[in-house]
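Next come the chains, spelled out residue by residue.
There are 2 protein chains.
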Amino acid sequence: MRQIIVKNISIGDELLIGQVINTNAAWLGEQLAAHGFQLDSALTIGDSEKAILDAFNACMDADLVLVTGGLGPTADDITKPTVCKFFGTELEFCHEAYDNIVALFNRRGFQMSERNRGQAMLPKTCQYIPNTYGTAPCMWLEKNGTVFVFMPGVPFEMKGIFNDELLPRFKKRFHAVPYEKRVVMTTGIGESFLADKIKDWEENLPDFLSLAYLPQYGMVRLRLSGRHKNAELLHATLDKETEKLTALISDYIFSMEDKPIERVVFDLLINKGMTFASAESCTGGNIAHVITLIPGSSEIFKGTAVTYATPMKTKVLGVPAETIENHGVVSQPVVEAMAKGVRNLMEADFGVATTGVAGPSGGTEETPIGTVWIGVASARGVVSKRFNFGKDRENVINRATIAAYEMLRQQIIVP
Amino acid sequence: MRQIIVKNISIGDELLIGQVINTNAAWLGEQLAAHGFQLDSALTIGDSEKAILDAFNACMDADLVLVTGGLGPTADDITKPTVCKFFGTELEFCHEAYDNIVALFNRRGFQMSERNRGQAMLPKTCQYIPNTYGTAPCMWLEKNGTVFVFMPGVPFEMKGIFNDELLPRFKKRFHAVPYEKRVVMTTGIGESFLADKIKDWEENLPDFLSLAYLPQYGMVRLRLSGRHKNAELLHATLDKETEKLTALISDYIFSMEDKPIERVVFDLLINKGMTFASAESCTGGNIAHVITLIPGSSEIFKGTAVTYATPMKTKVLGVPAETIENHGVVSQPVVEAMAKGVRNLMEADFGVATTGVAGPSGGTEETPIGTVWIGVASARGVVSKRFNFGKDRENVINRATIAAYEMLRQQIIVP
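So the sequence lines, in the order shown, correspond to chains A and B. Plus 17 on top of the position in the first sequence (first one is 1) and you've got this note's numbering. Plus 17 on top of the position in the second sequence (first one is 1) and you've got this note's numbering.
Be careful, since some hints might not be right.
Which copy? The list can't say, so a pair holds if one copy fits it or any two copies do.
[What the hints assert, rightly or not] Straight-line alpha carbon distances no greater than 27 Å define the calculated BS3-like cross-link-like pairs of lysine-lysine that follow:
no., residue 1, residue 2
1, 160, 67
2, 216, 189
3, 402, 261
4, 176, 214
5, 198, 67
6, 276, 214
7, 332, 402
8, 408, 102
9, 67, 102
10, 188, 289
11, 332, 246
12, 198, 214
13, 408, 176
14, 160, 332
15, 141, 276
16, 402, 289
In short, the hints are calculated from the structure, not lab data.
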């Protein structure tokens, strides 16, 4: 059986003028791939009848069209009347949808408005699919063999409906081709050098496997993936090829799992029953922010001192004022004193510190914008390193955060 | 003159299996709108010749097609040969592109690889546009009156080239229709209730204006926007309609500018020459993180103590241990002591503190998951408030951060 064609359409002016970033397409693509389907394209259009009809017509070669957005309670939504036009039907009151909206308002203790009642008006020929996450309906319609599913645009609602209601229906209706992937996380080597190192291996990959390079903030994520009707063969081939790949680039690999570096550090520390704390200047709390997004981080993370104002480095972290005066605030002695200082202050096993010039101003000839010193203190003493992360402020903050976690990881795994 | 049709195509398998979220389309849409153009659609496709050719053909009704991605140095990129096929040309070595790559490697002190040399092979008929941000080229080609511009997919490079090189060329080549928008930021009222309050006003808006509701983390952003060849009329009408709108919902407005709440606070503090510091428990450094993304934040931001481990609240911030013991760590007395403590420690005008249960575990009947106490200390004393932000960890952190900045803003603007 052939792989079905799946397309996504996102509707919303707000997506085209940049006020909201469309994260639904990426999420749907990931979920579909994980369940043996493949997203072929994702189209974003505005709230206009013509754009919607054009997009629907352009999707008639697909087996499944997942439409998100355009179903909210307010007047900027024109999706439903256009759906009726395309499918040659009209709106009618749907009791099941109405009961669902009433139940939702009761649970939340809010009053319903007339607009919310309007959300229960659905195309006559649609199959109503319950949305227990919000008031917007989910609808299933078909035309000449193409299935159109309409979902709310709110990510939380869309994800819930997709998992609870749609995925089981898709599996019943369509043929899924086994898909599997492996991810190898590398750092300390650029994309093109990595490619040169693995060129021969890559050229001899079997047809049903492909490799993608996904560079991001001083790391390159390698994704080896494939589809094959024989799931066992696919799995065994991926095992074998991943083994060959990792042998070629072992020096640069920091994880064989698709997880961010802070998650790698989290898992290591949990295993060892150890803790860390950070002293942040140029990273401004981002080291703390990314670790505290992980549930349970209080087990391994003691806290942070963001000493953005220079005198606070002395007052809070105990960096001697003369060290700052003699060496400058962005210097090796200062970052090492910060790392040791926060380790003592927070009573942690490891202290991580950053001091640098994130820009866009503040650089000097000796210490240009992008210069960052990173230090890690432990029971063994303190290590430190100087980096330059370029001129973009957000980029400097993100790359310094990742480099700090990589230096911390290196210290944790020291035998 | 008519409004030109602009379409965006993003190329990359990684965008369709969810490993990378496409933020380029939103950014391009925003920039285009701000300069009098309008993004009509954004299509994401995979790295396949057929998908690329289909997408190019489907864009031949556009005046301008902005293509991002597919120009990296590695083998997963098939864009350039496909471009040659579509435009009926072939690749040739471009000296200008090569010199640019060499210069970039020299600046960074890296060695060039053979693959990077390959990036200087460009379609013969293309106009080469310099990319000083990276090694991928930017290319301009035309076919039957439709302009195709190919940009790197790396957001940092794409943005730089767009601003430096492309926007001036677009302005010379195409006619821009005046576009203007107003944004009203509201909090404390849901989307459907807001809609009911302004229904009559909204229904009587002139045809060339439209209103969008953009809900996010306990706020609703209202965007009133329009296009009109008469820029003065557009401006005056927006003035008048915005005035009517704000009169209807004045209780819920926290800003009339489209900027995040931390930016509102930044501007207020810069104007007053005042500073703040934060003591963060459940927000885990996010209050610091969002303010330090703003260039110049060191003027108004002294620092943060993330006291994730409970004893650190006593040791670093001076919260009396018996206060924590008697009232619990998520309590009004603790948050108030934290706010006062960090204000003293960091020698700031305002101290902001959070303590709460971000979840997914750690809730009790008295203090369920999502409970957050927020406090703000100033020379006038301390204010505090209890919130519940629901069960999703990231949502709790984000909503608590926004609420903390809103409480800080209220204290700054007290006469």
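Hints and how they fare:
For the homomeric pair residue 160 and residue 67, the shortest alpha-carbon distances inside one copy (18 Å) and between copies (25 Å) are both at most 27 Å. In this assembly of identical chains, the alpha carbons of residue 216 and residue 189 never lie at most 27 Å apart, being 41 Å within a copy and 44 Å across copies at closest. Taking CA atoms no more than 27 Å apart as the test, residue 402 paired with residue 261 passes in neither setting, with 32 Å inside one copy and 58 Å between copies. In this homomeric assembly, residue 176 and residue 214 never come within 27 Å of each other (Cα to Cα): the closest approach is 39 Å inside a single copy and 30 Å across copies.
With identical chains, the CA atoms of residue 198 and residue 67 are at most 27 Å apart between copies only, with a shortest distance of 23 Å across copies and 39 Å within one. For the homomeric pair residue 276 and residue 214, the shortest alpha-carbon distance inside one copy (24 Å) is at most 27 Å, but the shortest distance between copies (45 Å) is not. In this assembly of identical chains, the alpha carbons of residue 332 and residue 402 lie at most 27 Å apart only when taken from the same copy (24 Å versus 30 Å across copies). Taking CA atoms no more than 27 Å apart as the test, residue 408 paired with residue 102 passes in neither setting, with 52 Å inside one copy and 37 Å between copies.
Taking identical chains as interchangeable, the C-alpha atoms of residue 67 and residue 102 lie at most 27 Å apart only when both belong to the same chain, with a minimum of 11 Å there against 31 Å between chains. For a Cα distance limit of 27 Å, the shortest separation of residue 188 from residue 289 qualifies neither inside one copy, at 39 Å, nor across copies, at 59 Å. Taking the closest pair of Cα atoms, residue 332 and residue 246 never come within 27 Å of each other, the shortest separation being 63 Å inside a single copy and 59 Å across copies. Taking the shortest Cα distances, residue 198 and residue 214 sit within 27 Å of each other inside one copy (21 Å), while across copies they are farther apart (51 Å).
Taking the shortest alpha-carbon separations for residue 408 and residue 176, only the inter-copy value of 14 Å comes in at or below 27 Å, while the best intra-copy value is 36 Å. Taking CA atoms no more than 27 Å apart as the test, residue 160 paired with residue 332 passes in neither setting, with 69 Å inside one copy and 65 Å between copies. In this assembly of identical chains, residue 141 and residue 276 lie within 27 Å of each other by CA distance neither inside one copy nor across copies; the values are 44 Å within and 42 Å between. Within a single copy, residue 402 and residue 289 get their C-alpha atoms as close as 25 Å, which meets the 27 Å cut-off; across copies the closest is 38 Å, which misses it.
Against the hints set out earlier in the document, violations occur for numbers 2, 3, 4, 8, 10, 11, 14, 15.
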